Amino acid sequence: NAGVTQTPKFQVLKTGQSMTLQCAQDMNHNSMYWYRQDPGMGLRLIYYSASEGTTDKGEVPNGYNVSRLNKREFSLRLESAAPSQTSVYFCASSEPGTDQPQHFGDGTRLSIL
Amino acid sequence: AQSVTQLDSQVPVFEEAPVELRCNYSSSVSVYLFWYVQYPNQGLQLLLKYLSGSTLVKGINGFEAEFNKSQTSFHLRKPSVHISDTAEYFCAVSPNDYKLSFGAGTTVTVRA
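Chains as they are written, first to last, in the working numbering: chain A, 0 to 112; chain B, 259 to 370.
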């Protein structure tokens, strides 16, 4: 089925380690997003890419970097993981101007010890 | 900037009873409004959206929501819930049609 694919689904890191979360969509969407979900806080936007070649900070960008590798792929990197980054990370994509909502992946559950 | 307040963090309800989830938003510009559902260990799925037109919006699985501009609300309702409606529900707003701001979520637990 068409959609948003995130890898890995689960990961445990030690403080200070680095990691890249991968996201790919096959819906030919121009816009892609990274969110983190924490209990009682809903989803908060980390970074987004309105179109290929552009990236912008969201609400909580500190400690993260992103790369829009091509139209399909949008990766999120933690250079030096901290326990405060323990969360569930969601990638989403959308096509602005088409009346279609954002489509979400199934999430990556990341624990940092 | 936009913000979203979901007024109830937990809503327990009996099977076949009605449920209402409350959502208020603030924004200095016109917004699009959404309700998403998240089942355990899954991503978010769109239930319904309001972009323009009729203020009563019907979505999937028997849910509907009403946009009230004067009260800046977008409450979600279902007349009769099922066990399978147990999930977390998120209200979200967008000033354009891509960046979303989410509420903190409402956990609905349906009991037999």
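Some hints could be false.
[To be verified] Pairs of lysine-lysine, DSS-like flavour, derived with a Cα cap of 30 Å:
| hint | chain 1 | residue 1 | chain 2 | residue 2 |
| --- | --- | --- | --- | --- |
| 1 | A | Lys8 | B | Lys327 |
| 2 | A | Lys56 | B | Lys316 |
| 3 | A | Lys56 | A | Lys13 |
| 4 | A | Lys70 | B | Lys307 |
| 5 | A | Lys70 | A | Lys8 |
No lab work stands behind these hints: they were computed from the structure.
All of these numbers come straight from a predicted model, not from anything done at the bench.
Quick rundown of the hints versus the structure:
Note on A/Lys8 and B/Lys327: the hinted pairing is violated, with a Cα-Cα distance of about 40 Å set against a maximum of 30 Å. For the suggested pair A/Lys56 and B/Lys316, the alpha carbons sit about 33 Å apart, so the restraint of at most 30 Å is broken. With a CA separation close to 25 Å, the supplied pair A/Lys56 and A/Lys13 stays within the 30 Å bound. About 26 Å separates the Cα atoms of A/Lys70 and B/Lys307, which keeps this hinted pair within 30 Å; it holds.
Distance check on the hinted pair: A/Lys70 and A/Lys8 sit about 22 Å apart at the alpha-carbon level, within 30 Å; holds.
Of the numbered hints given earlier, the model fails hints 1, 2; all others are met.
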